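Take the sequences, apply the hints, and build the full model.
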Amino acid sequence: MRFVQPDIAALPELLEAGTDAPPSLETEVTGLFDQFRNPLFRFTLSLGLTEPDSEEIIQEVFLALFQHLRAGKPRDNLRGWLFQVAHNQALKLRQRRPPPVLTPSPAPTPEQQAIANQTHRRVTAVLAALPEQDRSCVALRAEGLRYREIAQILGISLGSVALSLERAAARVSRIHQP
Amino acid sequence: MAHPSDHELLMESDGELEAVRAAAVRRHLDTCPSCRQRQSALANALATATNGYLQQPLPPPDASRIRLAASFRPRRRERFLAVGALAAALALLLFPLRSDRDPAAPRAALTPGAVRTVNLAAMCAAADEGDRPVITPALAQEVFRRYGIYDPRPRAYEVDYLIPPDLGGSNEVKNLWPQSYSDSVWNARVKDALEDRLRTMVCGGSLDLAVAQQELAADWVGAYKRHFHTAQPLPDHLAFVKDQPWE
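As they're listed, the protein sequences go chains A and B.
Each residue of the first sequence is one higher than the one before, starting from 0 at the first, in numbering that gives the first Met the number 0.
Each residue of the second sequence is one higher than the one before, starting from 0 at the first, in numbering that gives the first Met the number 0.
Note that these hints are calculated values from the structure, not bench results.
Here the structure is a predicted model, which means the values were calculated and not measured.
Please note that a few of the clues may not be correct.
So the derived label-pair ranges between C-beta atoms look like this [stated by the list, open to error]:
#1 B:P32 with A:A63: 36 to 42 Å
#2 A:R96 with B:M0: 45 to 51 Å
#3 B:A62 with A:H119: 34 to 40 Å
#4 A:R74 with B:P111: 43 to 49 Å
#5 B:P58 with A:Q117: 21 to 27 Å
#6 A:E131 with B:Q36: 27 to 33 Å
#7 A:D75 with B:P111: 48 to 54 Å
#8 B:L53 with A:D75: 35 to 41 Å
#9 B:A18 with A:R69: 38 to 44 Å
#10 A:N37 with B:M0: 41 to 47 Å
C-beta atoms are modelled at their ideal positions from N, C-alpha and C, and glycine is treated no differently.
Okay, here's the thing in structure tokens:
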């Protein structure tokens with residue numbers, strides 16, 4: 000197995016841990032968790048998972064990462080690897096789960112009503128209404144992934160990524176139109 | 000050139016077009032205000048989507064982070080526990096706990112016992128003290144040294160065989176230990192009485208030699224209790240003298 004460089008981002012934790020926990024794989028994985036938990040969480044939510052299910056998937060993903068690194072497997076583009084595993088695990092979980100029962104949303108509070116008028120609220124609604132592939136492309140692009148990486152994670156072609164983004168842009172543009 | 004498609008404009012904006020095509024699209028954009036406007040609208044729309052996506056509220060990561068960190072640590076502990084349990088089980092199997100453990104008892108790590116190949120008939124035909132190998136002073140000193148006894152009191156110990164030569168024990172240092180006469184009621188004299196009993200049984204055919212050797216190596220005190228049906232050494236045996244004390 001290759002030598003694991005301690006992650007700079009994990010240094011405060013290393014100091015905290017003292018002699019009990021030497022710079023290790025665990026520290027590296029925890030550092031990657033700090034870096035990618037929110038992006039992965041957003042992504043699994045965008046795939047229609049509930050928050051508890053998303054938490055579960057993220058635990059699985061980082062345990063898988065721990066095993067992946069411990070086995071000395073490739074560590075180039077770990078970000079892409081994380082999103083890909085999260086995508087696979089989320090789809091698997093969705094297959095196991097019965098389809099969600101649609102319940103009417105509770106009446107919005109005045110505060111929510113105020114927010115609902117904002118562009119942000121409308122964007123969220125537009126994104127939620129997008130076909131899943133388009134939404135996933137928007138999500139992964141928002142997290143800074145290149146088209147090639149997005150294509151690999153979702154198992155689609157580069158051209159499909161561009162077309163999905165084009166469609167999403169067209170839908171979002173309409174928000175601004177009166 | 001013809002006006003580029005929306006997705007080509009998007010790709011150019013995202014830096015995803017291959018170099019030659021990107022250069023061509025840029026040259027067109029320089030001369031085409033409507034394409035510039037289209038590209039700008041696409042980029043703005045995706046920027047809006049990105050902001051909306053990234054601004055959604057998420058539950059805090061703390062509990063999840065703690066859970067993840069904890070899921071590494073118990074594994075490590077379990078692994079140690081497993082190794083520890085295995086070692087303990089093995090140790091118990093090989094060296095059962097002695098209820099009357101004393102500082103002068105043979106230590107499994109130093110004196111696990113060792114045997115040589117013997118001919119049973121020849122071994123039994125030999126007189127008790129017949130071919131008993133001599134423990135040289137140097138060998139005795141090595142035994143004391145291993146047990147951290149640097150100034151042994153004369154006549155206080157017998158440098159004893161864990162498995163005696165007349166039961167096939169070898170003359171190796173790992174079959175020897177400094178057995179005190181006085182530290183415990185389970186002393187050298189008592190063990191000598193057990194050895195005589197076992198030898199009688201082995202040579203009489205009522206006990207397998209290997210079993211006798213194993214009994215001595217594993218837990219001679221337990222073996223004594225079983226063979227003499229007593230929880231304490233018999234008074235006769237406490238006074239029993241067979242081997243010479245270390246002088």
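Taking the hints in turn, this is what the structure says about them:
Against the hinted window of 36 to 42 Å, the Cβ-Cβ separation of B:P32 and A:A63 comes to about 50 Å, which falls outside the hint. A beta carbon spacing of about 50 Å between A:R96 and B:M0 agrees with the range 45 to 51 Å that was offered as a hint. Separation of B:A62 from A:H119 is about 27 Å and departs from the stated range, judged on CB atoms against 34 to 40 Å. In this structure the hint that A:R74 and B:P111 lie 43 to 49 Å apart at CB holds, the actual value being about 46 Å.
The hinted window of 21 to 27 Å between B:P58 and A:Q117 holds, with their beta carbons roughly 22 Å apart. Range check, A:E131 to B:Q36: Cβ separation about 30 Å, and the 27 to 33 Å hint holds. Checked against the hint of 48 to 54 Å, the pair A:D75 and B:P111 passes, with Cβ atoms roughly 51 Å apart. Take B:L53 and A:D75: their Cβ atoms lie about 26 Å apart, and the range 35 to 41 Å is violated.
Checked against the hint of 38 to 44 Å, the C-beta distance between B:A18 and A:R69 comes to roughly 40 Å, which is consistent with it. A hinted range of 41 to 47 Å holds for the C-beta pair A:N37 and B:M0, which are about 42 Å apart.
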